[in-house]
Every structure is written in structure tokens, then in C-alpha cells.
Amino acid sequence: MEKQSKKSIFINPLIKENAILINLLGMCPVLGVTTSINNALGMGVAVILVLFCTNTFISLIRKWVPDEVRIPVFIVIIACFVTMIEYLMKAFTPDLASNLGLFIPMITVNCIILGRAEAFASKNTVVDSMLDGLGTGIGFLGSCLLLAFFREVLGTGGISFNNPFTGKQLFSFLPLEAIKMPIFVQTSGAFMMFGLILGVFFAIQLKIEESKKLKEKKAKENLAKEVK
Amino acid sequence: MNKFVKLPLFLGGVSLIFCTTLAIVVNFCKPQMEKNEQKKTEEAYASLYEGEINILDLDEKYLDFKDYSQIKDLKKIEHEGKNSYVYSLTTQDPQSGTVSFMLGIDSEANKVDAYTVVANNNSGYAKQFENVDAVKDALVKYGDGEGSFYRTAGATKTENAMKYAVNQAFLHYRNNFMGGNN
Amino acid sequence: MSAAFTLFMKALLTSNVVFSLPYGICSYLGVSKSKKNSIGMGLALTFVTFLATLICFFLNMLLEQFEIGYMSTICFILVIASVVQFVEMFVKKFSPSLYKALGIYLPLITTNCVVLYVVKQTTDMSAFYGSFNITNSMGLLGDFLFILIFAIGTALGYFLALYLFAVIREKMDAAPTPKGFKGVAIGLICSAIMAIVFINGFAGVF
Numbered sequence: 400m401e402k403q404s405k406k407s408i409f410i411n412p413l414i415k416e417n418a419i420l421i422n423l424l425g426m427c428p429v430l431g432v433t434t435s436i437n438n439a440l441g442m443g444v445a446v447i448l449v450l451f452c453t454n455t456f457i458s459l460i461r462k463w464v465p466d467e468v469r470i471p472v473f474i475v476i477i478a479c480f481v482t483m484i485e486y487l488m489k490a491f492t493p494d495l496a497s498n499l500g501l502f503i504p505m506i507t508v509n510c511i512i513l514g515r516a517e518a519f520a521s522k523n524t525v526v527d528s529m530l531d532g533l534g535t536g537i538g539f540l541g542s543c544l545l546l547a548f549f550r551e552v553l554g555t556g557g558i559s560f561n562n563p564f565t566g567k568q569l570f571s572f573l574p575l576e577a578i579k580m581p582i583f584v585q586t587s588g589a590f591m592m593f594g595l596i597l598g599v600f601f602a603i604q605l606k607i608e609e610s611k612k613l614k615e616k617k618a619k620e621n622l623a624k625e626v627k
Numbered sequence: 002m003n004k005f006v007k008l009p010l011f012l013g014g015v016s017l018i019f020c021t022t023l024a025i026v027v028n029f030c031k032p033q034m035e036k037n038e039q040k041k042t043e044e045a046y047a048s049l050y051e052g053e054i055n056i057l058d059l060d061e062k063y064l065d066f067k068d069y070s071q072i073k074d075l076k077k078i079e080h081e082g083k084n085s086y087v088y089s090l091t092t093q094d095p096q097s098g099t100v101s102f103m104l105g106i107d108s109e110a111n112k113v114d115a116y117t118v119v120a121n122n123n124s125g126y127a128k129q130f131e132n133v134d135a136v137k138d139a140l141v142k143y144g145d146g147e148g149s150f151y152r153t154a155g156a157t158k159t160e161n162a163m164k165y166a167v168n169q170a171f172l173h174y175r176n177n178f179m180g181g182n183n
Numbered sequence: 011m012s013a014a015f016t017l018f019m020k021a022l023l024t025s026n027v028v029f030s031l032p033y034g035i036c037s038y039l040g041v042s043k044s045k046k047n048s049i050g051m052g053l054a055l056t057f058v059t060f061l062a063t064l065i066c067f068f069l070n071m072l073l074e075q076f077e078i079g080y081m082s083t084i085c086f087i088l089v090i091a092s093v094v095q096f097v098e099m100f101v102k103k104f105s106p107s108l109y110k111a112l113g114i115y116l117p118l119i120t121t122n123c124v125v126l127y128v129v130k131q132t133t134d135m136s137a138f139y140g141s142f143n144i145t146n147s148m149g150l151l152g153d154f155l156f157i158l159i160f161a162i163g164t165a166l167g168y169f170l171a172l173y174l175f176a177v178i179r180e181k182m183d184a185a186p187t188p189k190g191f192k193g194v195a196i197g198l199i200c201s202a203i204m205a206i207v208f209i210n211g212f213a214g215v216f
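Protein chains in written order, with this note's numbering: chain A, 400 to 627; chain B, 2 to 183; chain C, 11 to 216.
Worth flagging that the hints you see were computed from the coordinates, not collected in a lab.
Check before you lean on any hint, since a few could be wrong.
Said to hold, decoys possible - Straight line, CA to CA, 16 Å or less: simulated EDC-like cross-link-like pairs of lysine to aspartate or glutamate: (1) C:43 with C:183; (2) B:4 with A:466; (3) B:76 with B:107; (4) B:36 with B:58; (5) C:189 with A:608; (6) B:83 with B:61; (7) A:567 with B:51; (8) B:67 with C:153; (9) B:67 with B:44; (10) B:7 with A:608; (11) C:110 with C:98; (12) B:7 with A:466; (13) A:489 with B:38.
What you are looking at is a predicted structure, and each value in this text was computed from that prediction instead of being measured.
Next comes chain A alone, as it looks inside the complex (with noise of 0.2 Å):
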């Protein structure tokens, strides 16, 4: 198996092999947690903290880790951190604890932690499984922030945003307040919402593997007619 370089294990999680856009893995909390641009943030930093410490944790242990228990050791780690988090956050940042409710320790269930625990932090270097944790998991807080900015900008007619720690709004910037449509800060506009977002990305995907493919053709068809 090829060595990946650095900044690859980091840069792929984010575009190429986003967790969400692209492989559809670890969709509970998106659809949940994204009425604002708040709650993203937070879900996506609690999910970014949460992936490093695993993978950092799981990667020590790697050489000692029977292989029988590995997944009740996994899910062990993968609890205790994601507990650790909710009640820091519960603390600190109360507003947004309780806005995300039940969503923190759903991040324990999250297909993207034990995927990447067991596919990457279990064969790899210390060093590789944090750059993994911290690309996958900022992969994960953009795509919550894309699809929380569009719900958020048609729910509510703008951005406001509130200081975790003490609850105070920060600012709030309601430029379409006047046409906003409640439907998508509900489940049902966050489902059209995902569903357009994911259509409109597969099609761009297509589009350029459409491209690509015409431009190898051409690539073909030049040398074949140098070579004759």
C-alpha cells in the first residue's frame, strides 16, 4: 500500500472524500443540528474534538488491541470522550448544549468516528491518525455550515449569531427577513434542502467526470493520429 503524504491524509477528508457530500456516512446529526449556523458550528467543533481524540487514542493503542475486542474497546474510547464533551459543553456553552439536546451523545453512533477508528486510526502512525481526525472532522463541520448557512438565510431571512459561552447575540444580519420561509428551519425543509444540495453536487460531480472523460478521448484520438 502506498505511504499517503501528509497533506493528503489531511486534504482528502476535506472535498474529495468529504464524510457527508460523498460518502453519505454519519447523516443523524446534519439534518438535526443545521437550523443555524450556530448549531453547526458547535455540532461541527464537538464532532472535530471528538475525531481527534479517538483517532489520536486509538492509534496509541493499536499495537496492544486484541483483535477480538477491538470494536467494544472502540465504542468504549468513543463514549467516554463524546460524555466528556457533552458535560464540558453542558458547563460551558449551556444555550448550545441544550439546543443541540440529544445530538451530543448521539455523536457516539456517528458511522463517521468508528468508520474512520476502524478503517484508518487502527493501522496508521499517531501522527497520520490526527491529521485524519482533524481533515475529517472539518470536512464534517463544512458541510453542516453549507447546508445550515442555506437553511438558516431562507428560514429566518439572515445570520445571527450568538456567543456560546455567555448566550449573548453577537450580531444579526436579516437582510430577507421580509420573504423567509419558517418551512426549512423545520425537518422537512432540511430534507429538500440536503436533497438539493446532494442533487446539485452529484450533477457538477458528473459534469466533471463528463469533462474529464471528453478530454481523455481527445488526449487518445491526438496521439493516435501522431502516431499515424
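Go by the hints and put chains B and C onto chain A.
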């Protein structure tokens, strides 16, 4: 080492290490969490009325909320010579989100004289109840004269949940403070 | 017991776990590619949820006795994983054809948010009663019965949503959808319409 000893030992060891760390972190967070709770209730009570307020606790018999699932707490507030009964209510509607709010009922006029939202979880609808006047305008007078009460109007899910909570407060108030059962 | 019936119908329809408080979306989108898989997954999930809630109710009481409520997430997940393992062995022994049909989906139930959501409700019964507007007059037995009914209702609600989605997706795969929208994306937009039906259509009925 025998396989059946090694596996549980490893799992147990890892669990022990991580769970102890968890216990330390949780105990570190607990005092801050209690402070948060206290601060929230104090801020909420202070925002209800202008000027100095005096929070009085009530007799145990008034604090039996077994039949009132939405009432969380009840305190008597003395402000500027008047007495009000302040109910802490929570609507918990999974679709539109939780709204915790406080309703102050003036003990002489039997009218709602204070209203504030303590916690508003994620709901676009509940924002309309943040403004005190909006609620007063939304309260529809029911009945006339001595036994008149105010109830919330509107039919959206959040408004129904709020109406249910407000009516429970009124029911409790009527059963306990209106001079006997009506 | 009208309260029990109302709770069941609310968990099944009005507060359907997939459409109103979105949980379980991962497998909802993944499993609904074929109707047979959906039926298998739904039934297995109901069984696992029921068993897991049964065990976790008592486990939660035990944890609260020792004041270590924060261990609830960890213990619940381990319980769920063990229940899934046990169900897997059970199905393998008694019906190998069903085991082959379910394939990878049985272990997948471990990471299904629906099961964790249901068992998490045992930790905060007052919030649970508040959100469904129930008053419990039977103490511990009432707690137990209500949470079990809620578990079955929610799991069946997930099953219903999954099966409906599978049926719709079959038809959508044959329909001429715009490029890029085929598969998951158009399915999500259909789910949006289903969500509107379930949330707004059934509101106030129960």
C-alpha cells in the same frame, strides 16, 4: 495468557482508565453546571418586574405539581407592595422545540402581569412569545367579571403547547389561590 | 388505557422518529434501496429496541442508585451492542436464510440513532412525559409500561417510514429524474414531502 482472561482484562483495563478520566471531568463540570442553573433562574425572576423584588418560598401544599405536568416551580414575588405568583412552565413539544417560560399572576387583579421566556430551544415559532406585549395581546379574555381568566389564542403547534401550559398555571392558581375551588 | 394508545400513535405518526426529530437518517437512506431489506431491518430494529429498552430501564435505575448517571451513554451502547450480537447469534441459529437476507444490516443496528434515542429517554422521564403530555399515575410500573410502548411505537414508526421510502424509491429509480439527482438526492426531496404529511397532516389527530 489464556485468551479468555486476556480479552476481558484488556477491555476492563481500558474501560477503567477512560471511565476514571470521565468521572474526573464530570466532577469538574458539576459546580459550573449548578451555577448555570442558579444564574438562569435568578436572571429570569429579576427580569420579570422592575425595581426591587423579594422572592418568597411557598408552603409545601401549594407545590404539589403531580397533576400539572407543565408546571415546574412556583414562587411568590413581592414587588413594589404588590404580590404575584410566578409559575415556571415548560412546554415540551418535540416538533417545535422546548419553551420554558415564566408567568406572573397578580394576586389581586387575577391577571397576568409578567411574562418572560427563560429558554427557547431551536424554535422559529416560539420567538413570537419573547415580547411581553405580544402575549398580552394574544391572551383572549375568557368569561367576564370576577372569574375571568386570560387564555392564549392561536392554533399552531407551539401556540397550542403554550396554551396548554398557561391553562395549567391558571388551573393551579384557581384551585389554590382563588379562595377555594371554583 | 387511552393514554397508552395516544402515546403509541404519537410515537408512530405524529412524532415519527425519522420525520419530526430526525434520527436514524443514515440507515434510512442506506437500507431503503430494496423493499426486502427494509422489512428485515425494520423488524430486527423493533426487536432490538424492545429488548434494549427493557434492559436499559433497570440499568438506568441501578446507575442512578450509585450516582453515576453520566455513565449512561457508555453502558447503554454496550448493552445495545450485546443485544445486537445476541440477536445475530439467535437468528443465525434458527433461521439461516433470514440471516443471509439481513446480511450486513444486523450489525448496523448498533450505530442506529433510533435505538439510542429510545433508551436515552429512560434517563429523563420527566422530559419524556412532558413532550408527550402524559401524566403518570402508576409510579414505577407506569414508567415501565409507558417507555416500552414508546419503544415499540417509535421502532414501528421507523419501520413504517423506511418501508414507505423504499416503495417510493423503487418507483423513483424508474422515473426520469434530472442528472445528478438520481438516487439519494431525489429521495431526500420525496422524504421532505413525506415529512410534511407526517408532521402537519397528523398533527392534532392524537
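**Asked** When you check the alpha-carbon spacing of residue 67 (chain B) and residue 153 (chain C), does it fall within 16 Å?
**Response** With a Cα-Cα distance of about 14 Å, the restraint between residue 67 (chain B) and residue 153 (chain C) holds, given a limit of 16 Å.
**Asked** Hey, residue 76 (chain B) versus residue 107 (chain B), does the alpha-carbon distance stay inside 16 Å?
**Response** 12 Å, holds
**Message:** What's the verdict on residue 36 (chain B) and residue 58 (chain B), does the C-alpha distance respect the 16 Å limit or exceed it?
**Reply:** 20 Å, violated
**Request:** Decide if the proposed pair is consistent with the structure: residue 67 (chain B) and residue 44 (chain B), CA atoms, cutoff 16 Å inclusive.
**Result:** Between residue 67 (chain B) and residue 44 (chain B) the Cα gap is close to 27 Å, so the pair fails against 16 Å, i.e. violated.
**16 Å limit on alpha-carbon distance, applied to hinted pair residue 489 (chain A) and residue 38 (chain B)** = 11 Å, holds
**Message:** So if I understand the rule, the pair passes when the alpha-carbon distance is 16 Å or less; does residue 43 (chain C) with residue 183 (chain C) pass?
**Reply:** The hint holds at about 10 Å.
**Asked** Between residue 110 (chain C) and residue 98 (chain C), is the straight-line Cα distance small enough, at 16 Å or below?
**Response** 11 Å, holds
**Message:** Checking one constraint from the list: CA of residue 4 (chain B) to CA of residue 466 (chain A), max 16 Å. Satisfied?
**Reply:** 11 Å, holds
**Asked** Are the Cα atoms of residue 567 (chain A) and residue 51 (chain B) separated by 16 Å or less?
**Response** 21 Å, violated
**Request:** Given the hint that residue 189 (chain C) pairs with residue 608 (chain A), test it: the Cα-Cα distance must not exceed 16 Å.
**Result:** 13 Å, holds
**Prompt:** Within a Cα-Cα threshold of 16 Å, do residue 7 (chain B) and residue 466 (chain A) meet the stated pairing?
**Reply:** Answer holds: residue 7 (chain B) to residue 466 (chain A) is near 11 Å, not above 16 Å.
**Prompt:** Within a Cα-Cα threshold of 16 Å, do residue 83 (chain B) and residue 61 (chain B) meet the stated pairing?
**Reply:** 22 Å, violated
Hints 4, 6, 7, 9, 10, counting from the list given before, are not met by this structure.
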